[in-house]
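**Student:** Here is what each chain is made of, one letter per residue.
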Amino acid sequence: MSTIALQTSRLCKSFGALTVADNIEFRLEAGARHALIGPNGAGKTTFVNMLTGRIQPSSGSITLGGVDITRAAQGERVKRGLGRTFQINTLFRNLTVLDNVALGIAERVGVSAGMFRPAAAQRVVVDESRALLSSLGLADDADQQLAGLPYGKQRLVEIAIALGLKPKVLLLDEPAAGVPSLESHRIFEVLDGLPKEIAILIIEHDMDLVFRFAQRITVLAQGAVLAEGTPQQIRTDERVRQVYLGEEHG
Amino acid sequence: MATPSIVAITAHAGGYGADARIKWTEWLPWIAAIAVYFFAPSYLPLGSYILILILFALSLDLILGYAGIITLGHTAYFGLGAYVAGILAKFGTADPLIGLVVAAVAAGVFGLITGAIILRTHGLTLLMLTLAITSICYEIANKATDWTGGADGLSGISMNALFGQFKFDMFGNTAYLYSLVLLFVGWWLIRRIIYSPFGASLAGVRENAVRMHAVGAPVYRRLVTVYGISAAIAGVAGAALTHTTQFVGLKVLGFELSGDLLVMLILGGVGRLYGAFIGPLIYLLAQDALAKQYPEYWYFWIGALLVVIVMFAPGGVLGLIDSIRARFRKS
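Here the protein sequences come in this chain order: A and B.
According to the numbering used here, the residues represented by the first sequence are 1 to 250, in order.
According to the numbering used here, the residues represented by the second sequence are 251 to 581, in order.
So here's chain B without its partners, still in its complex pose (with noise of 0.2 Å):
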């Protein structure tokens, strides 16, 4: 399973020499999430918005980073998490935890079903197949109008309180606390899966398949189960974006998500887990200040950042900061 040489996966966490215990600065980034919390709650929608945007994009990460996945199909799940939520919100139970259960379930089979079909295959076909199946949920999404409101999306959504106690309100409160927990626990899980043996095999997935074969692995077997895997992590983040927007627009399904999420990722670094957490991070915040100065011409400096990380820094900000970090220990 080669990855696509854009991607630049030079050192990931994880494998039989790891020390898999929580280093001090993996809790940074919680400490500042819950910072935000108290100190910029003008920012808390924006906030939920980057934080379930981190977890899509750390579902992401597992299959692209860890297993050598390459796609731009990631939304069919994220989006069929967002709807299966939406619409089992607006015709059957608004209990929260439920739309999640359901919508993790559904993305998850659909990913299972789907990554033993397209998991076959291998490179630009791989990627035409993952953009191929978000394209036929889109159009589903936009011809099924009873039950997703076509284009003009699904409205009209109203989640009960989380537990009986926590409303969703407009100023965010519940969401951005309710996004952070799903997110803790999704990171929780993933960080498991790449320091335990499914984890580093999975690595050698991705560095070489062939060798992989010769020592009797699984591969296929090993690559569907991550995809499912992945798939309902991302559903899970599609329903915490319609339990916190109270709305599912045909966005959720789109291609261009899917690229932007490609390009946070590869912002922040492919394979080291926190590149899913600074991505989308300075992503989102350029784009929030750029679209301020600039609302014509915001994604021109975008692509700009993207291309000087590509060039100059193929493993993200992340790789930067490893690479910083090498050259002064070296001197």
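Just chain A, with the same shape it has in the complex (with noise of 0.2 Å):
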């Protein structure tokens, strides 16, 4: 029997009039791979966003575990697991590479706070950060400045950040989202690597990715959800072929 690793219940958020989440019902199951997709202005980052905590839902509920982390902090939720990438980089371009990965580690350690042990002196932060940028292939780029790094190896730090939390759940918004196909296959190549423990949930417009990575798939037009089902239900849909996948997917 599955467990779920993260859940909505009649989930809600209204900016005025407007109406940009309604009514979600969402189940991620532990480990499984599942994605989100619809048509830009769908919610979907407005969704994650309310997973993660950066915007406050205007009603209904989420579970992590099983347990209601509704009304938590975005500190609270990555320490009981949940890691978030972001669409457009936010990452901390005049560090470096290596630091960029090292402070979310220190905070998951519980080291951050630290004020008179130097930083370098962490070996635990420092060897698993290292550790973790070598298994990306980002080793030789750990001691440069993070501005100075390709745009697709900036993507890969995006993932690197993340999984240094070592997440019980992963939200991946658009990784591969600007990247040269030339460059993207790097980026897959990742994510198909990714543990399998994790629970991942994934945004994505590139629907061969979607469909090669997904078991699920979880279709949101207008704020609700419009289908869930396997890859194969979702291509032979009616309703997502004539909002979102057009005939070429069909």
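Calculated from the structure, these hints are not laboratory results.
There could be a bad hint or two in this list.
[Unchecked claim] Covered by chain B, per the in silico footprint, the following chain A stretches (three or more residues, Cβ under 8 Å):
(1) 84–95
(2) 111–125
[Said to hold, decoys possible] Interface residues of chain A toward chain B, partial, derived using beta-carbon atoms under 8 Å:
(3) V78
(4) A102
(5) L103
(6) D143
(7) I161
(8) L165
Predicted, not measured: the structure shown is a model, and the values here were computed from it.
Ideal Cβ positions, reconstructed from N, Cα and C, are used throughout, including at glycine.
Hints in hand, dock the two standalone chains.
**Tutor:** What follows is the structure, given as structure tokens:
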């Protein structure tokens, strides 16, 4: 019997008269590979921002590992195992690649408030950061300033920061957005190689990637769940084809 | 916590890959300061003032250069430290070390309280609130004449000898060494902080607070903590000024000094630790020389210097030196 890693119940968000999330019922099974798709403005990023606590829902509830986190602060959600990447690079541009990853790991390990021992002497953090970067093929870039990295590698650093938090649930917001196709294959390789125990929710417009990666797909349209099912069910769903997929992926 | 574009921070000390050991070049300012004591005794009163302003500038660099907190009101804590030390010396004990501790605690606690209020805001709102706090302090000091002397300043302060041995003499010998030791302790403390994980997380907040939230960092708590530490150090600098001059004027709480301090830091280089050494040195030596040459227009030249620095060397003098070194390395 599978366990539920993340669940929302009747989740709503309104900005005045504009409803951007409308009674969203969503379940993410432990270890699942789940995709969230929908046309621009469907409310996908708003949904992720509610899950991570960046914005508060107007009503409804969110549970993570069975614990209600609807009103929990972002930091508490991260400590409970919720990690994310951003659609637009949200990195520390003037810090080194190593620091980009180490800052998150230091928070997880609980050494980030230390004031007297040098950061470089925190071997647990430094070694884990370098090992993580190495596993993503970024070992040679560790001591470079992040701003000097090609865009594709910066997207990998986005993923590395999230992985450094050792999440149980990972929300990937268009991980390959803006990356030239020559570099995007490396990101897809990394996604394929992510640990199986992490439940992953990926927001993506690249349908080839979605159908290759996801075991289940949820389709959002105008802030509401339009359809949910296996890739085959979604591919053949007439409403989804009308609203989003068109004939190409039918 | 976005830092305004006038303050270019493109390099900083610290981080998980940084070697925290003190490099030989870092001893140069101290060797120079000791040399001044032996070879330029007539400059000791000015030197003492410069050392105190460097300590004050370091406290500002900690919050502006490392945590990205923009402020025009840091004189609130410097001035509070100065007045607490002065009032304590006049109406309580004139022991300088007790004065330092009380001033540090008073300014630090005030920094924590005000920081907890204002650091919930950002950008222009934050800037205005810092200005409001120092303006309120200025007005309180102006009106509480029984304690502060108001516009006439707090005079009649007579400090005890340091450790019962070293009197604050009129030539500035004790004052200079006292300021130098305080600066060294403040520098050592701030250096430890910026090379620590806490310092790295401050740089993270400065660079991208959204991401720091997303990795679970308690951003607000970190900012309030560093604000309190910085305020305590500014308070010590203020107390040192009182102890060495045995007078407190309203100027220590003035907006003008806050602005000057920011100019000094930008001149030297924000977020570079030693920018806080070079900025006040250049500023005060230039002020000293220009005021003799052009008594009415010296501030014009300071302004012109600032314009040149901001336009052509946004990383300050240290940033300029770094880019010249990088160019040489390339060629």
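**Student:** All hints, please: hold or fail.
**Tutor:** Hint check:
Only when three residues or more bring their CB closer than 8 Å to a CB of chain B does the claim for the region 84–95 of chain A stand; here the count is 8, and the claim holds. Given as covered by chain B, the region 111–125 of chain A passes the check, having 13 residues with a CB less than 8 Å from a CB of that chain where 3 are the minimum. Given the 8 Å rule on beta carbons, the hint for V78(A) holds: about 3 Å separates it from the nearest Cβ of chain B. A hinted interface residue such as A102(A) counts as satisfied when its beta carbon comes closer than 8 Å to some beta carbon of chain B; here the least separation is about 4 Å, so the hint holds.
The closest approach between the C-beta of L103(A) and any C-beta of chain B is roughly 5 Å, which is under the 8 Å cut-off, so the hint is satisfied. Satisfaction of the interface hint for D143(A) is found here, the shortest Cβ-Cβ separation to chain B being roughly 5 Å, below the 8 Å cut-off. With a least beta-carbon distance of about 7 Å to chain B, the hint placing I161(A) at the interface is held under the 8 Å criterion. For L165(A), the shortest C-beta to C-beta distance to chain B is roughly 6 Å, which falls under 8 Å, so the interface hint holds.
Going through the hint list in order, the structure satisfies each hint without exception.
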